[in-house]
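**Student:** The chain contents come next:
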Amino acid sequence: MKFAVIVFPGANCDRDVAYVTRDILAQPTRMVWHEDSDLGDIDVVVVPGGFSYGDYLRCGAIARFSPAMQATVAHARAGKPVLGICNGFQILTEVGLLPGALVRNRDMRFICDRVPLKVERTDLLWTAGYAAGQVITLPIAHGEGCYYADEATLAELEANSQIVFRYSSLDGSVDEASNPNGSLGNIAGICNQQGNVLGLMPHPERAADPVLGGVDGLPLFQSLVQALVSA
Amino acid sequence: MPHYSARIYVTLRPSVLDPAGTAVQSGLAHMGYNNVGPIRIGKYIELTLEAEDEAVARQQLDRMCDQLLANPVIENYRVELQALATA
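Protein chains in written order, with my numbering: chain A, 1 to 231; chain B, 1001 to 1087.
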């Protein structure tokens, strides 16, 4: 199974993702420069975190026009897996693969922390490695991570079970006190209706090696590899 | 072809929280301006363009706003257009 990690000017989590897919999971991984548009050999596209194009205008606004993102949209439309992490999630909303938008954190501050998350769905190729209702801890690092969508869109997300991760307390209660950035519905990650596109603000790739203090992000990548290898 | 100057105002939709606006409002209150109501902070963009006529210019500007300059999910925009005297 082959991974692509899109590299934008200003991306800074691209090599962290490649470390997980290539070094930990031993899967072939190709770094794809933003001007490149050939993803023909690729099974999974990862849009990594960082500050693509300096986050000018809005986070992810310029990145969506890159040839690599146009190819990523085609990849997603063909039903193949696309993962957007942090800035990658922002880009996926800007390009229209996922609904809603990510706006300035409620308390104005850039947050760098580890937070508990409730896994809301375990029937996706991304989350089969987690237990239903499991609470995991992942790092977050963002200034614009407050998820926003209008009421109709939120209702649709709930009705279609597209909310995959929610900020929660350690015992799994989803409330205002466990919401770090003001996200509506405590939303930390969502998928599209088909489930092949996932975007999340937390960083699973920064929690995949014990040396970094946690491995709760590893099952996400393992689930994916397992799902695609057995498919 | 005629030249136009456009002023584009991008503002957050009313339903989107504006923590920066709230922070500035409290800053003004600290200065003694307790008479200031809610503040909304947006973006202001100036550009010039060439177009066959005003209708075409407006149509292009709307597309630019919808696709890049604003994000319709969270923002509204307003365009002011002015014909420039050709040299």
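Since the hints were made in silico from the structure, they are not lab data.
Because the structure is a prediction, the values reported are computed rather than measured.
Take the hints with a grain of salt, since some may be wrong.
Stated by the list, open to error - Derived pair list, reagent style SDA-like, types lysine to any residue, alpha-carbon separation capped at 25 Å:
no., chain 1, residue 1, chain 2, residue 2
1, B, Lys1043, A, Asp123
2, A, Lys2, A, Asp123
3, A, Lys80, A, Leu39
4, B, Lys1043, A, Glu144
5, B, Lys1043, A, Gly54
6, B, Lys1043, A, Gly96
7, B, Lys1043, A, Phe51
**Student:** Lys80(A) and Leu39(A): Cα distance at most 25 Å?
**Tutor:** holds, 11 Å
**Student:** Has the given pair, Lys1043(B) with Glu144(A), been kept, meaning a C-alpha gap of at most 25 Å?
**Tutor:** holds, 16 Å
**Student:** Is Lys2(A) close enough to Asp123(A), meaning Cα to Cα at most 25 Å?
**Tutor:** holds, 22 Å
**Student:** Would you check the hint for Lys1043(B) and Phe51(A), treating anything up to 25 Å between C-alpha atoms as holding?
**Tutor:** holds, 20 Å
**Student:** Between Lys1043(B) and Asp123(A), does the CA-CA distance stay at or below 25 Å?
**Tutor:** Not OK: Lys1043(B) and Asp123(A) at ~42 Å, beyond 25 Å, violated.
**Student:** Lys1043(B) and Gly96(A) were given as a pair; does the straight-line alpha-carbon distance stay at or below 25 Å?
**Tutor:** holds, 22 Å
**Student:** Keeping to a limit of 25 Å between CA atoms, is the pair of Lys1043(B) and Gly54(A) held or broken?
**Tutor:** Judged against 25 Å, a Cα distance of about 17 Å means the pair holds.
Comparing the model with each earlier hint shows a violation of hint 1 alone; every other hint is respected.
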